[in-house]
Amino acid sequence: MRWPQTVSHRLRSLFRKRAVEGELSDEMRFHLERQMEENIAAGMTPQEARRSAMREFGGVEQVKEECRDARRTNLLENLLQDVHFGLRMLRKSPGFTAVAVLTLALGIGANTAAFSLIDAVMLRTLPVERPDELLQLKRQDPRYAGGGPASFSNLLSFLWDGGASPSFSNPLWEQVRDQQNVFSGVFAWSNNRFDLARGGTVQPAEGSFVSGDFFTTLGLRPAAGRLITGSYDYRGCPAVAVLSYGFWQGHYSGASSAVGSALSLDDHPFEIIGVAPPGFYGMDVGRESEVFVPICTVEISGIRSLESRSMWWLNVAGRIKPGIARAQLIDRLQVFSPRIFTAALPQYWPADEQRSFVKEKLVVTSAATGTSALRQQFDQPLQVLMAIVGLVLLIACANIASLMLTRGVVREKEIAVRYALGASRWRLMKQLLAECMLISLMGAIVGFLFARWGAVLLIRSISIHNIYALGNMPVLLNLSLDGRVLGFTAAVAILTVALFGILPTLRSTSVSLISAMKGIRTVELDRPARFRSRKLIVASQVAFSLVLLVAAGLLLRSFAKLATLDPGFDRNNVLIVYTDLWPAKIPRDQRPSVLDRIENQLRALPGVLSASRSSVTPAEVSYWAHNVYTEWSKGFTDAESLSMSVNVSPEYFGTLRMQFVAGRDFNGGDTATSPMVAIIDQTAARRFFPDLDPVGRTFWIDGIAGQPGPPIEVVGIVRDAKYQSLREQIHPTVFFPATQAPDLGLAGALELRTALRPTALISAVQAAVASVSPAITLEFHTLAQQVSDSMVQERLLAQLSGFFGSLALLLAVIGLYGTVSYIVAQRQREFGIRMALGAEPGSILRLVMLDVISVVALGLLAGIAISVAVTRLLQQLLFGIGPRDTVTLVVAVAALSMVALVAGYLPGRRATKIEPMEALRYE
Amino acid sequence: MTKPTDLVQGTLDLLILKTIALEPMHGWAIAQRIRRVSNNVLQVNQGALYPALHRLEQQAWIQSKWGESENNRRAKYYSLTKAGQKYLKAEESNWERLSSAIGLVLKTV
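Chains as they are written, first to last, in our numbering: chain A, 1 to 923; chain B, 1 to 109.
Hints are computed from structural coordinates only; laboratory data are not their basis.
There may be inaccurate statements among the hints.
Said to hold, decoys possible - Each computed BS3-like pair below joins lysine-lysine, with the alpha-carbon atoms no more than 27 Å apart:
1) A:413 x A:138
2) B:65 x B:89
3) B:65 x B:18
4) B:65 x A:17
5) B:18 x B:86
6) A:17 x A:535
7) A:64 x B:107
8) A:64 x B:18
9) A:92 x A:413
To be verified - Calculated from the model, a selection of chain B residues having no Cβ within reach of chain A, i.e. all distances over 12 Å:
10) 11
11) 42
12) 47
13) 53
14) 69
15) 93
16) 95
17) 98
18) 107
None of these values were measured; they are calculated from a predicted model.
Just so it is clear, CB atoms sit at the ideal spot from N, CA and C, and this is done for glycine as well.
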């Protein structure tokens, strides 16, 4: 019950300081005067009375101080005092403060930027109601308990989708929806790119097909109008659309008239019924859906089928029922899994495939942070980035620690005086640490600003082209201020104080009073351990820099190898035109001839050297595959007989400048009625026709209903080319003439080799295609860009590690130079004496260099040990080079030693130029 | 002059609290009263008195008010709070127990 008075008392002491001090003085003065009166009354003269009273009282200031102590506000008052004093001291040495703050800002900023990226990609939860209750459903084939087989046959279900691989067909999803009893709400979605334009160049809008309970399960409320509900879950439902908030603001300026108006998606009208709440952009991190439409409308665009049991295009997730534990949920899922899979069994599969299908299980993973293909792709690189910036921070702190040590030496006299005045060591340390914290705080604030800017830059460089989509798809991440990022910055700031503040503070406050008063600097005492802390600091900087240089070297060389790889085709000056004939409503059987006409028209354009078309272009993500059977492949497993297949027109190999090894190209003689032919690449030749000449031999692929098709004759062999990404192993590839294998996918992508810049032909191409049919939609790329986009991860890592590696080197070299200069300056007197006694300047230099070499060597040894241990972690990110690559290590060591030795040599040389007399007089 | 260390802190607190239990007093008067009542045996030093007063005020056993002194000057008067009264009673009985216990030991040994 004394609480309120205690607190108000303390607050008053803090905030009404002047009044409280005044009262204290008054109280003391009153006592003295009263005592004086007593003394006068007892018979003393006024002066005697006064003197006696004061003597009796004792030291007024001491009493006052004791009273202040008794008021128990010391802690906070002292802190404020320290901060005030610290600010003054920092203002007095602006150079030091500026350097320290900037160095720290760089280190902290880089770390915060990296962390905010990690936070946005991996840690941030979806802006929906109670995200931790959300679980995503996935299929698991019991044959591959740890996930799918490594071969790409498992990836066939991976269509153009910005999220993680969808694995549900519509019938399967409907079974889950109707039969489950473990989720309070369950929904499905699938990402898709819609075209807002009606013919001509595509105007893309990212969107999602969603089931009825999508918005309700996520607990979202509309910002305008209404949202899609369960009533839309039937075949033939009306074509409605829900806009994202951003899209509504951007395209309609947030006008309420948008609700109820019509929107054209893939040349079909949709009615806008509402707007999603701000901040929600779908389930996938890194991607923003701008429109949400019901699943039943998917047949309008002709992309998927609602009845097909073997098209896997949906993702499924649900909110766990309250009261059910995860383990319980998984068990219950196992119970009705067989029912679900049996009911949605694809009818035309071979018997053994069907058997494994019904044995599949449903598993769950947390969906609180949404799904993301971005995560899978950048998970490791982001971690590597974090490690790199962490090391840079350590090196930066080491520099600041050296600076603080120097400052401590300069202030030795001041500290000694304060000791003499009665300060305790702890009090002094508190004051010095307060200065460190001020520096750290300022560094953190500036660093935080750097970080915002840096993170945006980083995202822009991975966003040039998302590897899973065609065309420009910017990576859109929510970088808004988040408690986690702020907390991280604060934690890093405190950590840096510990790193660069504690050692110098301890050293500064361990001052020998007598030596200080006499003016002898502690460093001049010839102890064997002098300068040891500085040398250790420099050695550690050298070690960390070496690790960073080695990592940077490995990543840079990886990227260089990748970039200069011969992909098997000529990627320059090729314009790629993707066509979509669907909006033009051209009947299936007429499509090949329409494409032929387009191909001929484009070939005739001025500036086009050659033109061709194919079903898949190099470095494009999606592909077709088939099993190939020959007389010699009887024992092959599924994976071994799988081969990529591409439909091409006769000019294809010429346009791409792919080289033939044997046989001929396709020509006009290969028509729909002539015998089936194919061209295979070298890998296919080696795999399917080992030690034979494949030309003239035949193979089969699957025909209808699992029976082998007609025999196909090999007429030519081309050199291997990289199709999917430059890093991959070459899969065997088989090329078919576009006239002969229409069910292998339309050869709707045109390649034009141009004489000039490919992009210069875009408008001419548009006009030419429009003359054939104006409703055909087009999308343009250059082959060079497509190939380069497939290397985005490697390029980014190379750039970042190169940048930070050089930064680290710079910091370490500055640290080394500074320390050696300092040591040389301290040893002036010693050197002067030596030279006066007859030592050659060369021997002085030798002394200095010996020191430098021993420190650098120590650092290098430690660095080599650390890098050998640590670079193993980079294994998966490297290409064409192992993590223990000795060449890189040797080069890094050599570069670092050279630079370090020069940095040490320069101050050393200065030492030899001094006149001995000057040195002796040096104070 | 009695040095401050001769009077244990707790004891000084007790004396101060008892002294102002009867009526509010300023610091000088408290010291005078203690000296007089103890027949000049206990002479409280200002270096101990004022810190003790401030500490007791900090802990809210006593409260202060500025008023006019007997010689028409401004002085800081201290008085007991309710909590202080209870505390005084408790400390008094503790002291009784302690001193009689010491007395017993001194008599028998």
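| message | Run through the hints listed earlier and report the numbers of any the structure violates, in increasing order. | response | 1, 6, 7, 12, 13, 14
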